[in-house]
Structure formats: structure tokens, C-alpha cells
Amino acid sequence: LSEPVPSKPDQAPVQVDASVTVKRNGQDYVFDCAASDTLLDAALDAGVPAPCSCCEGHCGTCLAKLVEGAVALSDDAIALSRRDRERGFILACQAYPAATAIIIDYDF
Amino acid sequence: MTTLGQIESVWRYPVKSMRGQKLAQAYLAFSGLYGDRVYALKSSAAPAGFPYHTGREQEEMILYTPEFTDTAAAAEPINLEAADGIPPGITPLFADRKSFAISVKSPDGAVFDIDDPALLADLKQRLGGDEAITLLYSERAFTDCRPISMFSLQTVSQLSTEIDAAIDARQFRANLYADFADGAGFAENELVGRQIRIGDKAILAILEMDPRCKMITLDPDTAEQKPKVLRQIAEAHGGKAGLYAAVLVEGIVKPGDEIALLS
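Going down the list, the sequences are from chains A and B.
With the numbering used here, letter number 28 in the first sequence gets 28, and the count goes up by one each step, no holes.
With the numbering used here, letter number 134 in the second sequence gets 134, and the count goes up by one each step, no holes.
Just so you know, the hints here were simulated from the structure itself, not pulled from any lab data.
Some hints here could point you the wrong way.
[Said to hold, decoys possible] Derived list of chain B stretches under chain A, where covered just means 3 residues or more per stretch with a C-beta under 8 Å from a C-beta of chain A: (1) 172 to 181; (2) 232 to 243.
[Stated by the list, open to error] When the alpha-carbon atoms are kept at most 25 Å apart in a straight line, the in silico DSS-like pairs for lysine-lysine are as follows: (3) B/K254 <-> A/K23; (4) B/K124 <-> B/K201; (5) B/K22 <-> B/K226; (6) A/K65 <-> B/K226; (7) B/K254 <-> B/K201; (8) B/K228 <-> B/K42; (9) B/K105 <-> B/K42; (10) B/K105 <-> B/K124; (11) B/K240 <-> B/K226; (12) B/K228 <-> A/K23; (13) B/K105 <-> B/K22; (14) A/K65 <-> B/K228; (15) B/K240 <-> A/K65; (16) B/K240 <-> B/K228; (17) A/K23 <-> A/K65.
Just so we're clear, the structure is a prediction, and the values are computed from it rather than from any experiment.
Note that beta-carbon positions come from the ideal geometry of N, C-alpha and C, so glycine has one too.
All chains should be built: construct the whole structure from the sequences, respecting the hints.
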């Protein structure tokens, strides 16, 4: 497995098409995510029961652990604290794929 | 007039996002509960629409404990008894800022005056980063959206059952915790659009349900996140739990006060 690398705004990671695995309630869901889509939008389009509420980065409902791969987080991920980032968390609604294989976990 | 239940506890949060105080009684004012969120921190990194530095950005803020230096002066308006004595009740005077002086105990036990730059330095040292954090003061409570928040014990219990985990009611950071006779969680949602009276005088309009965020996931004693409750509210309750209210008639409220449905 590659080391999870949450992106920082000043690093401007390159967004790429990805295969995403979501771990939720003990199950794995695998789906494709286009470079221009957020992980949350792609998950919902694929019928994955991904939790969300405001979908604008404010509420933090879509907080997930980045297990593998990398993402580009928008500047609107304001519910993601510095501590969250240091611990490898992302907000799925503000996360764009920046690696071809990504695993995120809601069951942390 | 229908009795809905009673007030279980009354809380205020002198500094937005810091630890709350459980009160023997409190004054519900048009601008919010007297002494509630009279201070907040502002962040240069925050968006213009929500300029505050909160537990969302720095979780351990909720472990800082504020106390009013003069608890009597910060308890209720300065001429309340005289103003209440003139029918139908004159709007009383708020105390000046000196009466809302606060000391804040840090998670390490250090104590700072609220306007001591060392308090912000302590927070910044833990936070890191380059953003500027400054202190705000206002007689108007720095609530997120509406003057008063209310949460029921029944909804706490139902959510705990739904996620099969203990929930500390303090996570919801409400001003008023209600014990409703109905017994069902989320039954208070039916109060949206209605008016209630609490105790002898205070009348509230129930405006809307409260859209919840990360703040309710923070353990009040450790500041660690417990995200299941927020996910459950999103998936089973439309992202909302608890009530927002506005004060129509000001008055004192206390635990044990009857909650009556007026209209």
C-alpha cells in the first residue's frame, strides 16, 4: 500500500481519474471517480451509502480516513481542522482524486 | 394550554466554543440567554460569512473553561426587579462590559483574563499556523444562527439507542435541555412554528430545527471526535436535531420550570 498523503492547498496536487474504495459499515464499495468529481459525488452517483449533509465543507458529516492514495482538498474544507489533516482525515465532499487508487474509511 | 414537560437544565457558554456553565437560573433576553457567548474568537483564516475561530478548527477549544469574575453581575440585567414591577414589564438594562469580565482556565490549568494576550498566545501555540486570532465582545450572543437553542433528553436517548453508543447531552451545547412528557425522541420537531411559555413569563417562538455540524461530535471532556452521532443525524433525521428559538417575552427560567404550549 502506498502511504496516505492528504494534500495541502499549497501543493496543488494533480487531479486524476481514480478507482475508489469506500469502507462503510463493514462493507467495501468500489467505484470510479473522474478527476473533476469529488469522492462524495462519485460515491453517491454509484449508489454508495456515503454520509453527507451540507456537502459544502462546513458540517463535517463526510469526515473519512484516507487509507491509501492522495486527494486534493478544496479551500472550502473548513470543517477539517489542522488536527484532522495531521491525522489523515479528509472531507469527502471537498476531496478530488489525486491518485489512481484511493481507499477511504468511514468506520474509524 | 397544554403542558409539554419541564426544563431539565439551563446552560450558557460565556466564550463561543469553550466549555459551558450549568446554571441555577438564567435570563432569556431577546438577544439570547444573558451572558451567553458574549465573547468569541475571530480568525483571519475563516470565511467572511462565519468569521469565528471555533472547536471546528481547534477541537481543544472546548476544554478551555471560562468563568465570570463577578457571577452576580453577570447573572441578570441590573434593574430587573424594578423593570419587571412596571406592567407589562419594562425591558431591563444590561450590565456594562466590566460586569462580563471572564477568566479562562486552559486545559493545562493556567488561568488567563479573557482580554490577556497570553490567552490567545496559548491557543495559538497549540493551534500552529499563521492565521490571526482576535477577541470579539458583544451584548448580543455570538450564537451560530438564532438566539436560543433547545434540546430534549428524549432525543439524546433516542440517538444513543440508534447508534448503540453513549452520548453526553453536553455535546449538543444547547441553552435549554427539556424533559418532554411525550417521551419520544424528536417529538419536539412538531413545535416548529409554535409558541411556548417557560416558567412564569418567558415566551419563545420555535423557529426551526437545528442543522448540526462537527461540534456535536466532540467529547466535552477529551475533545476527541465521535462522528457516528453526526452521521446518524444526517442519514436518519435530515441533518437536524434540536430546536432554534427566538425570545418574544423576556424572563427568568430555571430547571423544573413548566414548558407550556401557547399556540
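We went through each hint and held it up to the structure:
Only residues whose C-beta sits within less than 8 Å of a C-beta in chain A count toward coverage, and the segment 172 to 181 of chain B has 0 of them, not enough to reach three; the restraint is violated. Under the rule that three or more residues need a Cβ within less than 8 Å of chain A, the assignment of the segment 232 to 243 of chain B holds, with 4 such residues. Distance restraint check for B/K254 and A/K23: the Cα-Cα separation of roughly 46 Å exceeds the 25 Å cut-off, and the hinted pair is therefore not satisfied. Pair hint B/K124 plus B/K201 does not hold up; C-alpha atoms about 43 Å apart against a cutoff of 25 Å.
Distance check on the hinted pair: B/K22 and B/K226 sit about 23 Å apart at the alpha-carbon level, within 25 Å; holds. Our distance criterion of 25 Å between C-alpha atoms is met by A/K65 and B/K226, whose separation comes to about 13 Å. Simply put, B/K254 and B/K201 have alpha-carbon atoms about 12 Å apart, close enough for the 25 Å limit, and the pair holds. Pair hint B/K228 plus B/K42 does not hold up; C-alpha atoms about 29 Å apart against a cutoff of 25 Å.
For the suggested pair B/K105 and B/K42, the alpha carbons sit about 19 Å apart, so the restraint of at most 25 Å is met. Note on B/K105 and B/K124: the hinted pairing holds, with a Cα-Cα distance of about 15 Å set against a maximum of 25 Å. This hinted pair checks out: B/K240 and B/K226 have alpha carbons roughly 17 Å apart, not beyond 25 Å. Note on B/K228 and A/K23: the hinted pairing holds, with a Cα-Cα distance of about 14 Å set against a maximum of 25 Å.
Between the alpha carbons of B/K105 and B/K22 the distance comes to roughly 17 Å, so the proposed pair stays at or under 25 Å and holds. At roughly 14 Å between alpha-carbon atoms, A/K65 and B/K228 fall within 25 Å of each other, so this suggested pair holds. About 24 Å separates the Cα atoms of B/K240 and A/K65, which keeps this hinted pair within 25 Å; it holds. Of the supplied pair hints, the one linking B/K240 and B/K228 holds, its CA atoms being roughly 14 Å apart against a limit of 25 Å.
In summary, the hint linking A/K23 to A/K65 is supported, as the alpha carbons are separated by about 10 Å, within the 25 Å threshold.
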